[in-house]
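Peer 1: Sequence:
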Amino acid sequence: MRRHLVMTPVLAGGNARPIPATLSYDPADPLAVTVVFHEATGEVCWTFGRDLLIDGLRRPVGEGDVHVAPARDGGGGIALTLVSPDCQVTLEASRTDLSAFLSATTARVPRGRERTTVDVEAAMTAWRVSDASP
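Numbering (the numbering used here), first residue to last: 158 to 291.
The hints are simulated quantities; they were obtained by calculation from the structure and are not laboratory data. In this text, a Cβ means the ideal position worked out from N, Cα and C, and glycines have one as well. Each hint should be verified, as a subset may be incorrect.
[What the hints assert, rightly or not] The calculated label-pair distances, taken between Cβ atoms and stated as ranges, are:
1) Ser256 to Gly221: 22 to 30 Å
2) Thr282 to Ala169: 51 to 59 Å
3) Glu200 to Thr282: 30 to 38 Å
With these hints in hand, go ahead and build the complete structure from the sequences.
Peer 2: Here's what the structure looks like:
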């Protein structure tokens, strides 16, 4: 499932160019959400936990490379901060767009039921069998 939206970099001067993005969710990988930013120079892709986005709608969450929080201005935005070794950027997205996307994902795979959609034991057994093969 996919949702197209616009994310706007949060800049001190306030004159940011909106960036088209696509959120995607695959029930085969139920714990993850991917966001692809569509730039003239190519696409930039980040994958992170669905729970991070869900929790970030209500309160600041995250550590490491991805942080999510309600926007500081108290408006209808959600701030997504992405950190790489060379830079950091905070982008703002519509709470309405993110909520609609996340509601669709939890309708497909309810929160807390993600592990039941993936047969972890079968995968681990297959790995052991393939490791034992010459």
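Peer 1: Indicate, hint by hint, whether the structure satisfies it.
Peer 2: Do the hints match the structure? See the list:
As the Cβ distance of Ser256 to Gly221 is approximately 24 Å, the hint placing it in 22 to 30 Å holds. A C-beta distance of roughly 54 Å is found between Thr282 and Ala169, which places it inside the suggested range of 51 to 59 Å. Checked against the hint of 30 to 38 Å, the C-beta distance between Glu200 and Thr282 comes to roughly 36 Å, which is consistent with it.
Consistency note: the structure conflicts with none of the earlier hints.
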